[in-house]
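J.: Chains as they are written, first to last, in this note's numbering: chain A, 1 to 283; chain B, 1 to 283; chain C, 1 to 283; chain D, 1 to 283; chain E, 1 to 283; chain F, 1 to 283.
No lab work stands behind these hints, which were simulated from the structure alone. Heads up, some of the hints might be wrong.
Copies of the same chain are indistinguishable here, so a pair counts whether it falls within one copy or spans any two.
Simulated crosslink set (EDC-like; lysine to aspartate or glutamate; CA at most 16 Å straight-line) [claimed, not checked]: (1) Lys4 with Glu75; (2) Lys4 with Glu18; (3) Lys204 with Glu75; (4) Lys188 with Asp87.
Protein chains: 6
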Amino acid sequence: MLNKNVQTFIACDAEYDEATIVLFGAGFDGTTSFRPGTRFAPSAIRNDSFGIETYSPYQDKDMLDFSYFDSGDLELPFGSTNRVIADIASRSAQILRDGKLPFMIGGEHLVTLGSVMAVADTYEDLHIVHFDAHADLRNDYLGQKLSHACVLRRCHEIVGDGHIFQFGIRSGDRDEFRFATAHTYMNKFNLNGLAQTIEYLKGKNVYLTIDLDVLDPSVFPGTGTPEAGGITFNELRNAVTSVCSQLNVVACDVNELSPQYDQSGVSTAVACKLIRELLLALS
Amino acid sequence: MLNKNVQTFIACDAEYDEATIVLFGAGFDGTTSFRPGTRFAPSAIRNDSFGIETYSPYQDKDMLDFSYFDSGDLELPFGSTNRVIADIASRSAQILRDGKLPFMIGGEHLVTLGSVMAVADTYEDLHIVHFDAHADLRNDYLGQKLSHACVLRRCHEIVGDGHIFQFGIRSGDRDEFRFATAHTYMNKFNLNGLAQTIEYLKGKNVYLTIDLDVLDPSVFPGTGTPEAGGITFNELRNAVTSVCSQLNVVACDVNELSPQYDQSGVSTAVACKLIRELLLALS
Amino acid sequence: MLNKNVQTFIACDAEYDEATIVLFGAGFDGTTSFRPGTRFAPSAIRNDSFGIETYSPYQDKDMLDFSYFDSGDLELPFGSTNRVIADIASRSAQILRDGKLPFMIGGEHLVTLGSVMAVADTYEDLHIVHFDAHADLRNDYLGQKLSHACVLRRCHEIVGDGHIFQFGIRSGDRDEFRFATAHTYMNKFNLNGLAQTIEYLKGKNVYLTIDLDVLDPSVFPGTGTPEAGGITFNELRNAVTSVCSQLNVVACDVNELSPQYDQSGVSTAVACKLIRELLLALS
Amino acid sequence: MLNKNVQTFIACDAEYDEATIVLFGAGFDGTTSFRPGTRFAPSAIRNDSFGIETYSPYQDKDMLDFSYFDSGDLELPFGSTNRVIADIASRSAQILRDGKLPFMIGGEHLVTLGSVMAVADTYEDLHIVHFDAHADLRNDYLGQKLSHACVLRRCHEIVGDGHIFQFGIRSGDRDEFRFATAHTYMNKFNLNGLAQTIEYLKGKNVYLTIDLDVLDPSVFPGTGTPEAGGITFNELRNAVTSVCSQLNVVACDVNELSPQYDQSGVSTAVACKLIRELLLALS
Amino acid sequence: MLNKNVQTFIACDAEYDEATIVLFGAGFDGTTSFRPGTRFAPSAIRNDSFGIETYSPYQDKDMLDFSYFDSGDLELPFGSTNRVIADIASRSAQILRDGKLPFMIGGEHLVTLGSVMAVADTYEDLHIVHFDAHADLRNDYLGQKLSHACVLRRCHEIVGDGHIFQFGIRSGDRDEFRFATAHTYMNKFNLNGLAQTIEYLKGKNVYLTIDLDVLDPSVFPGTGTPEAGGITFNELRNAVTSVCSQLNVVACDVNELSPQYDQSGVSTAVACKLIRELLLALS
Amino acid sequence: MLNKNVQTFIACDAEYDEATIVLFGAGFDGTTSFRPGTRFAPSAIRNDSFGIETYSPYQDKDMLDFSYFDSGDLELPFGSTNRVIADIASRSAQILRDGKLPFMIGGEHLVTLGSVMAVADTYEDLHIVHFDAHADLRNDYLGQKLSHACVLRRCHEIVGDGHIFQFGIRSGDRDEFRFATAHTYMNKFNLNGLAQTIEYLKGKNVYLTIDLDVLDPSVFPGTGTPEAGGITFNELRNAVTSVCSQLNVVACDVNELSPQYDQSGVSTAVACKLIRELLLALS
């Protein structure tokens, strides 16, 4: 008798009960205004993950020594943003109820809202660490409040002032930067200030959200709105390893890969390697 | 003093008052479930239209002898399908009020609904001639009623039984084909029966809607859901020329080009040439 | 508790015991001399199969009414052709032992050899129906006997004179065409003679092997060695439907898609649709 | 001692003295107004020619039985159209002086002018057989007389009325079609009338010029100005085989491949196969 | 009544009379010897400019607070380099006569010559600040004096010794580097020496010309002749901001984007963002 | 009489007898498990080498002042790894016998084995300097000992402990890193330690092997297994210039370009420029 064709991110093939971290894909790009395509990210990442090793020479750890579960992708109803957010929240909530860490692969950045809603219901006094090129702090975008350009603004409505820490931001309208001055901690352009932030957040519950376009487009061209002047892969890798290994990260997500804009496959490979480092640092 | 940079489909540079046909783009692909990208069609078509001639040796007519106006693209709020449909209806309605023929360039096929709503408000007993690979007759798609896969079903709710004539259809679920048997005239696979349809529709008000994927994917690969076994360019060109020159076409649209899936530019060139033939046949 | 992420060709999600047809992928391209890439075909086909419908208006049948099982892809040791052939033969043999029909998705055409070996062990007096642009009848290629260019020659050594029927052939060296005259039935350029072949093969055991490059490159550009002057999709669809519904086909394969050479995705969509028609015609 | 790396079109490796046909590349696209790239054609054709066979099952002839010489590409000074034309004429003239047939691979269609100049100096009463989608009969283009869009008009100034026979033409401005009516034999849209033309031209000196965009863009997408509604590969193959085998063709060229617009490589493969058929038919 | 479809670089929609800076496109690549395509740059930049913000967090300035006019693209006669240069000079001259700053978007680097001619007619003692990977100091290229490879040499003939300041240069033949030693100020490989140059040029009239291939190809792959070992985006952004805000820049240009060589769109996005920073620094 | 079309890497057109360095291509990728395509590298490099200059401003040397010979590509029998290795060894051996330095352009990294075998037969106490992202120290891969993933392990069997010096390594399984600790000198992640290595190797015979994926994927995306976090072009250029100018390099190779994964051509340009620097530093 032959087996069914189970597909996972590399080495995420534990039984659900044994796993401490559960992946799922939320390939939604329905509010993307400029160039869509993040819907293709979860499946591309899963597929190309077999081009990387399970062992990290940076952390000297091997995924084979831990238990991860990949629960596949949500089937999301394009055209109904509200239902999409609800479906994501529901998946995160179930993983949290089972005492595991939800690890979401987007999708456009709006998907973070669904997961943050579920996590904020579970963990008190939630703080968000946010790596991104864009502030994502608009109140609305062409009249839409549920938009990728507004996602951290919506999250702010959940977690409140002083609970969002933004790094690498180098694009937004003037109002977003003003809002940040008043309501979030924002470190523009680079990762300066991360060490102090980590010190401050020790012992607190942290949601880690990574918009991969925080990377320089030379490193990560496969994204809808590339923004020149970003950080290097090693800067981001070091930063997220520090966050995950030193703080109490209770959930995380990795967003905004649009694999079809990078025919070389490098952007997908970057995402895969970063996810490996995250999974190992969280273990 | 230098002039502003006005961009139009080739030879559509008349003054609004003089024009009898008015183009507009509706680059919406927000409900596209499989592969997005029709949002890029109107601007690609406008740009590449300068690679074709204004003269048609098929009809021995020249666009320079007529007056067309290109009113540019609607700015559509991705994420809110209802508002998109309303904005499209509003643009069509204005053109109709000014006694001109609205010629819409999509976008996914759902955009047709907005224009049909406006046209059906203006013209009594509206009939729809529909070229497509897909039936588009689903009642809903993943629970959504406003979906590209349902657009002719929604149009049927407006124009009623026996008012929709479908050609080239070769894909759908079983229920769609059953619905067609009961409620529309459907010619599967090819254009047989077009001559009789034209005979029957003479003197009636006709809305012509063309999903370019009715063409064989060899001719038109640049589309989200290519469906093998389609018709040739000359078959479609002949068909739409007949419809436009022999019937009382009061509005029309051309949809479902996704230029980024055809790096050769051939699909965009096909769309441009077909639009030229349509404009000439409608003049 | 969340489910594992099972991936199949659309609607091939039956339990193994219930299925009458079992798919597997053999993404091998290790002897491809010109342009590699068929290794990517099985996963691309599985992925894009969700862009087609399960219902065929051509046959008025729906995949949902039958039971198919997709057993995933073989992990093949590139660099060792002998072991690859043996692994393929082994998978086919197991499916045959369980009383099911093996349906292989290549891979370069050499993979057919493994499956034919297993099938010829099971079924007496095996005949092969072969659609292809290339004769594949070389005795060796740069000294290699296990080469895509020799696969039908190797099959001939198994099934013998008068047991191979070739259609659509339009490329080869002079010796291959001479060999065909003496040892196989070859119909050059098109499908003429298929009706008589079907008549002749009624009641006999038939292995059906399809090299998709039999299609014209306009229809199917995504292949390593495109050969102008081929047949249309509807010609091939009609032909294979006739073969499968009128003959005793005991195994089949579909080969030589190289998805990365067709950025439009049309070639993969063509393969998916043909596989659906084959699965329905075999049911 | 190791040999130098000689590169030729497949099987065109005879010594110069033995060859009866001499190839050369003229990769010029300096007047191309819309989309450049034919400069890359000669090298792409030479490279991909090793993906086709030397034997033609259509003609039952093998290139290995004849002697062809490939003299490589002219190094053309972009920016100086006059010098480019002169360099081409000079190369053709040398080949003619040596009693051989010049076979040029363009480049944009303007390169034909240089070769026709040299051939008309050698052969009296030269006639031109011209396959193309475009009339190329403009008197000037944006004031330029040496433009791809004017090349047959310039040739007409050399060979005179009634000496140019055009097939497959489906694009041009109104004046070009009027000029054709008065001065050339033009068969619009298809190849009807070729048989009579061949009958008429028997015994006369013929220059054969092929703009590959005469093919339908589905067959040949890799070209700067694709023009829907063209002919099939087999139609063109049959036509040029007839011309070459029945008429006294004294020189020929094949133009307007832009390989980079067809990432699949199909267009280059089509060009290679057509050149093989031409070389065999001319032998 | 509907409006005409005016297309501009983002936020460059002022009335001509109010604008202090006037953009125009010069999409000429007629002397490009290696890989053409800069002709597509102006329209690609205009189109993708809507993917960036009007606000710069680097300068804390917003384009909405200033008045820019985009006068569209020159229609240039390919094949006649002299006329192209003259047309560019004429456009620049008109903008200068109206007391505005001409901001040209190329095109290959040769277009700079036309603009420098006009500017040198208007402003005395003109100095040129030049960022580039290539020296562009050849006396001729394949006999052509009007070539992209010679443009700074031609400019030197206009502005004279000691008036050209070159940065980032890392490619050229030996003679070009010798010429630089004698006649220009050249800073090889990087931007060292820029601070002193700025100090020296204070109060002088400066023409700023940027060949975007000065950037490392990882940052800017979309160019005809990528040259490894270049500078980063932030290095270039800082440099040009300094030049524009501290010196009397009377005209500038940005050249050598070939968007079709970077399917990711990153190179076009880099160009857009740099142009925004330039426009803001010049205001 | 016209010349044959000789194709070489730029400026490698000396007579064989005069040359001190002999290039050859070994475009083999038959054991590549993830993404094939290095077979296309030698011809792409030769072709695009005409986009770079022969003069290096870094070394102030010009290739025109030295004598190099390009002996073209080996025709390798895909499907038979043993014969491929033997053919490569044979070509290297011949060049060595003639007293010249073999300079091989791969191909996947396994090709190094063939050349090292020949060189180790000629030169005693051979040391290997190895730049790579991957350790390549597996004992076998899916049971294959002749695999790209095992090549340095096979070389270790030839040259022994303490004779291999690895730089830039950032990927491998745990066992490979353990093996390196015991048997090679490995510098992880970067080029630290190179100066000491050069000091140590002075006067010894050195084989230099460069897997171009040691570069960061932003700089060199065109490779089968891109590995984020690599070194810059200038770091690699400096390093190999030091090795070649200060050590007794007796043979070298450059591997793992897959040009088709980088449509921009940048990766091929990087390879060309690095080869120029190597050739000059070796002269």
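J.: Decide, hint by hint, whether the structure agrees.
T.: Consistency of the hints with the structure:
1. Lys4 with Glu75: between (20 Å within a copy, 15 Å between copies)
2. Lys4 with Glu18: between (20 Å within a copy, 13 Å between copies)
3. Lys204 with Glu75: neither (33 Å within a copy, 43 Å between copies)
4. Lys188 with Asp87: neither (33 Å within a copy, 38 Å between copies)
Figure legend: structure checked against the earlier numbered hints; hints not met, in rising order: 3, 4.
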